[in-house]
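Visitor: Protein chains in written order, with full-length UniProt numbering: chain A, 1 to 271; chain B, 1 to 289.
Keep in mind the hints are simulated off the structure, nothing from the lab.
The beta-carbon is built from N, C-alpha and C at its ideal position, and this holds for glycine as well.
Be careful, since some hints might not be right.
[Claimed, not checked] Quick look at which bits of chain B chain A covers, simulated, 3 or more residues with Cβ under 8 Å:
1) 64-74
2) 113-120
3) 203-211
[Stated by the list, open to error] Each pair of labels, with its calculated beta carbon distance range:
4) A:G136 - B:A279: 47 to 53 Å
5) A:S182 - B:L211: 41 to 47 Å
6) A:F27 - B:N19: 48 to 54 Å
7) B:W146 - A:M191: 54 to 60 Å
8) A:V59 - B:L148: 35 to 41 Å
9) A:I175 - B:P186: 33 to 39 Å
10) B:R187 - A:M191: 27 to 33 Å
11) B:W106 - A:S138: 43 to 49 Å
12) B:W21 - A:G136: 31 to 37 Å
13) A:S44 - B:P186: 55 to 61 Å
14) B:P210 - A:I175: 43 to 49 Å
15) A:L258 - B:P210: 38 to 44 Å
16) A:S138 - B:N19: 33 to 39 Å
[What the hints assert, rightly or not] Computed cross-link-like contacts, EDC-like style, restricted to lysine to aspartate or glutamate with a CA-CA straight-line distance of at most 20 Å:
17) B:K102 - A:E11
18) B:K107 - A:E63
19) B:K282 - B:E214
20) B:K200 - A:E11
21) B:K102 - B:E191
So you can see what is in the structure, the chains are spelled out below.
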Amino acid sequence: MSLVTVRKRREMSGLALGLYTVALLTFVMLPIVLVVIASFSSASFIQFPIRGWSLKWYVRAIEYGPFMKSLWISIQLAVASTLAGCLLGVPAALALARSRTAAARTLAAFLVAPISIPAIVLGFALLYYLSAVGIGVSFFGLWVAHTVVAIPYIARTVLAVYRSVPENLEEAAAILGASRLSTLRHVTLPMVRPGIFAGSMFAALISFDNLSLSFFFGSASATTLPVVMLSYMENQFDPAIAAISAIQMLIALAVLLLLERLYGLDTLVAA
Amino acid sequence: MNAVTTQPRRPPRRYRVANAWWTVPAVLYLVLFFVTPMLTNAWRSTGSPAAAGARGIWENYAVLVTDPFYFGVLRETILVAVIVTLVCILLGYPLAYFMVRKAGRWKGLILFCLIAPLLTSVVMRAFGWRVLFANRGLMNSVLIDWGLLERPVNLVNHPVSVYVALIQILLPFMVLSISSVLQAIPRNLEEAARMLGASKLRAFFHVTLPLSVEGIITGAILVFVLCNGNFVAALLLGGNSVKTLPLLIYQQFNLTQDTSFAGAMGNVLLVIALLGLWAQSKFARKQGG
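Bound-form chain A, shown alone (with noise of 0.2 Å):
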């Protein structure tokens, strides 16, 4: 064989991968862009070809109170599950990335263990339990659950990163006078501040998507975005919906964007 075909032959199957690559994302981006597309028709029921356009959607999307207001509280729960899954995750998570007993392996595999069952369980069962000892179907109710899938995706970053940075130089810093206290501040937590970073955004990401979590804990004053979401399209089937949820995707895409200009994509996906 000579080189000329032997290096034809390779650009043929890197052509052909390159192919079937292209196809398969289109296969995964095509329901979105179909949503995008369809949110700004004109017609009153979703159906192509798309005749006319217009934002009226967008309009009725935001004048509709139930999307707007169940917006701004999966907005304020992302937030705030996020900050109490970081104050009790990451103390946690340097605690236990350098142990090497098998506690403290229990320990760290306990911590994630809340990402591994079925959500729809979590928040049945959570339910009842909430409703027993008094909090039951309430803002504070929808925090106490975010929470808890809130902790293992911050505390597995902040593990892997902790795991991944040099062991001396904390002991550098306290042998060379760092109080424990500046140690932490100037030497650990920057150090695993991508891991931070990473966690919280999949957290508040999967948190302003929950819909497994949320939907039990549906009442009048506290509804999150998709369960309202969920509850309008089993009855309604107009571009609507579609206008929210490009709202709802702009949203989530500059909280990505913003983390992709700071670190990067590769640190979230290498956690």
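Given chain A, put chain B in place with the hints provided.
Guide: Coordinates of chain B only, in the frame set by chain A:
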């Protein structure tokens, strides 16, 4: 020769910023709001104490396993998860391989296309598939325009749309799990195999693939568990054509309010998830040792 005795010895106890007490708040929180609710749920699923006379402790579980309807649901739940997981492996591996080894400067864009859908609501994605599959949706109108179809085919409320949506929702998790492991495999291992005379395919199947099995397993467990917990696809696209446990829990909770039975179904779902975890820990130990 004298041994290197002058080498500085590590201090017996390494310096640590954090101590064990720092784990207490998180552990306490999880015991209070994660372990206890799960245990009380397990207790509730055995039937309320008042009704215990009428219903035996294992009554709910007995119904789940012996009643043909519920047993069918259980079987379908596992079947859907297995099929979706297998399809995600087959579709996702080549994509992960291309992204890590061949994509070059396109890698960022591919990564973006994989992560962007994770930012959208599951409700939005189910809605998107309805837009595509509905009677007057995009697929029907295109196929009829091209003369490939005479009458519109309604894929909404058909199992196909549930499977397609689940695969689309879960594929990124599989690709990201595989690619993070592929990333860590030194490329020169494959090159060494090639240089020693292995064909390209042989090098792939005997070197790269075995080394990346861990990524496949991680991805498979993730997809399997997430698939078991997803009721939106079956609810919004299946129209009762695909009955899975999470969907039934949702319906039981919304309609019949039979909490002890819903609790029992939740525990069965939990056991399936724990089996996945157990498999993972077993595999991780094997890999580590």
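Visitor: Are the hints correct? Go through all of them and say.
Guide: For each hint, the structure was consulted:
For the segment 64-74 of chain B, the assignment as covered by chain A is violated, since 0 residues bring a beta-carbon within under 8 Å of that chain's beta-carbons and 3 are needed. Only residues whose C-beta sits within less than 8 Å of a C-beta in chain A count toward coverage, and the segment 113-120 of chain B has 8 of them, enough to reach three; the restraint holds. For a cut-off of 8 Å, the count of residues in the segment 203-211 of chain B with a CB near a CB of chain A stands at 0, and the three-residue condition is violated. A hinted range of 47 to 53 Å is violated for the C-beta pair G136 (chain A) and A279 (chain B), which are about 37 Å apart.
Distance hint check for S182 (chain A) and L211 (chain B): the Cβ-Cβ separation is about 43 Å, which falls inside the suggested range of 41 to 47 Å. Range check, F27 (chain A) to N19 (chain B): about 50 Å between beta-carbon atoms, so the 48 to 54 Å window is met. At roughly 58 Å, the beta-carbon separation of W146 (chain B) and M191 (chain A) lies within the given 54 to 60 Å, and the hint holds. A hinted range of 35 to 41 Å for the beta carbons of V59 (chain A) and L148 (chain B) is consistent with their spacing of about 38 Å.
Between I175 (chain A) and P186 (chain B) the beta carbon distance is about 36 Å. The supplied range of 33 to 39 Å therefore holds. The beta-carbon spacing between R187 (chain B) and M191 (chain A), approximately 29 Å, falls within the hinted interval of 27 to 33 Å. The given range of 43 to 49 Å is respected by W106 (chain B) and S138 (chain A), whose C-beta atoms sit roughly 47 Å from each other. In this structure the hint that W21 (chain B) and G136 (chain A) lie 31 to 37 Å apart at CB holds, the actual value being about 32 Å.
In this structure the hint that S44 (chain A) and P186 (chain B) lie 55 to 61 Å apart at CB holds, the actual value being about 58 Å. The given range of 43 to 49 Å is respected by P210 (chain B) and I175 (chain A), whose C-beta atoms sit roughly 45 Å from each other. A hinted range of 38 to 44 Å for the beta carbons of L258 (chain A) and P210 (chain B) is consistent with their spacing of about 39 Å. For S138 (chain A) paired with N19 (chain B), a C-beta distance near 36 Å keeps the hint of 33 to 39 Å intact.
As the CA atoms of K102 (chain B) and E11 (chain A) are separated by approximately 11 Å, the hinted pair is consistent with the 20 Å bound. Only pairs whose Cα atoms come within 20 Å are accepted, and K107 (chain B) paired with E63 (chain A) is rejected, the gap being roughly 40 Å. A C-alpha spacing of about 12 Å is found between K282 (chain B) and E214 (chain B), which places the hinted pair at or below 20 Å, so the restraint holds. This hinted pair checks out: K200 (chain B) and E11 (chain A) have alpha carbons roughly 14 Å apart, not beyond 20 Å.
Distance check on the hinted pair: K102 (chain B) and E191 (chain B) sit about 15 Å apart at the alpha-carbon level, within 20 Å; holds.
Going down the numbered hints, you'll see the structure goes against 1, 3, 4, 18, while the others check out.
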